[in-house]
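K.L.:
Sequence:
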Amino acid sequence: MDVSNILASHAAKFQSVTVEKETPLDVDTGFLTVTDLTPIDEDSYKSNLEEYLQVTARDGIQALVAALYGLPTQPSPDGPLAQLPPPTTQLPRAKPLPKPKPPTKWERFAAAKGIQKRVREKKVWDEERQEWVNRWGKDGKNKEKEEQWIHEVKANAPVDHDPVKAARDARTSRVAKNERQQLQNHARAQTAASGRDERKKDIERTLATTRMSTASMGRFDKKLDGEKKLRGVKRKFEATETSVEQEKQASLAVLSKLDGDVKRTRKEKGAGDDALNVRKAIRNVSKGRGGVALAREANKKGARGKRGGKR
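Counted from 1, the sequence shown has number 48 at position 48 by the UniProt record's numbering; the numbering is strictly sequential.
Do not take every clue at face value.
Computed list of lysine to any residue pairs in SDA-like fashion (alpha-carbon distance at most 25 Å, straight line) [as the list claims (entries may be wrong)]:
{"#": "1", "residue 1": "K105", "residue 2": "L183"}
{"#": "2", "residue 1": "K143", "residue 2": "W125"}
{"#": "3", "residue 1": "K21", "residue 2": "Y45"}
Derived from the structure by calculation, the hints contain no laboratory data.
Between the sequences and the hints, there should be enough to build the whole structure, so can you do that?
P.N.:
Dropping the structure here:
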């Protein structure tokens, strides 16, 4: 009995697992995405849209599954898991990447000593209760000394010694110490970030100064990668024609500024000193003869005026 026709008809129902197209599919297993860049066939698209979309989606899914089966796997309770590689598609971000936090004091010490980070379990085994209890928090294991019904007291302990209060104070002091260390780490990180910002601004300021020191004021200098464009100071020109009111306001502003400068100068020199050197002024007017000679000359001029008036 020849069953080749039956097998051929049965195999025709299933498509090949190998996807072959004129334009190869772009498969990004990191994002589990497939991009089909093949131009759309207008005849198939318009004649039977549903079938065309199903065939296109089937080819993309088949290419993605084939790529996943080619990745290395690792065992798990639910079965083998594929290890996805890093994504290759560059996606835009709405915000910049977060800056890495500086290492804490303990992290620097652990790195220097080669200490590996070990995650402590939240639950611990209690031998007395024969159950798993919380390490911290409500009914935590760290409150065991406070809640035990009998306490060991040293022979030289004071009469009013309270072991429950001592255990509670020791626990609260440890919590306060941890919080203080967290605040110190945060302050240290803020100081390091501000120091980096200050150094960056200093470098940009130095670079701008060197650019402006050339003959072309940095216009034809070679730019560095990532260098910001220098912005010059724009000159502000006043209008050539102004109204009378605007000129009046400008004059009042100038007079107010001059008056303020004079008062400031007097204040700086002291209450007893005058902004005007009277002796120097008299010496200049009298041409070095002094104030007495200047007063005598003024009296003579006044006498001549009176005689002239009588005539």
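K.L.:
State for each hint whether it applies.
P.N.:
Right, here's what the structure says about each hint:
1. K105 / L183: holds, 12 Å
2. K143 / W125: holds, 14 Å
3. K21 / Y45: holds, 17 Å
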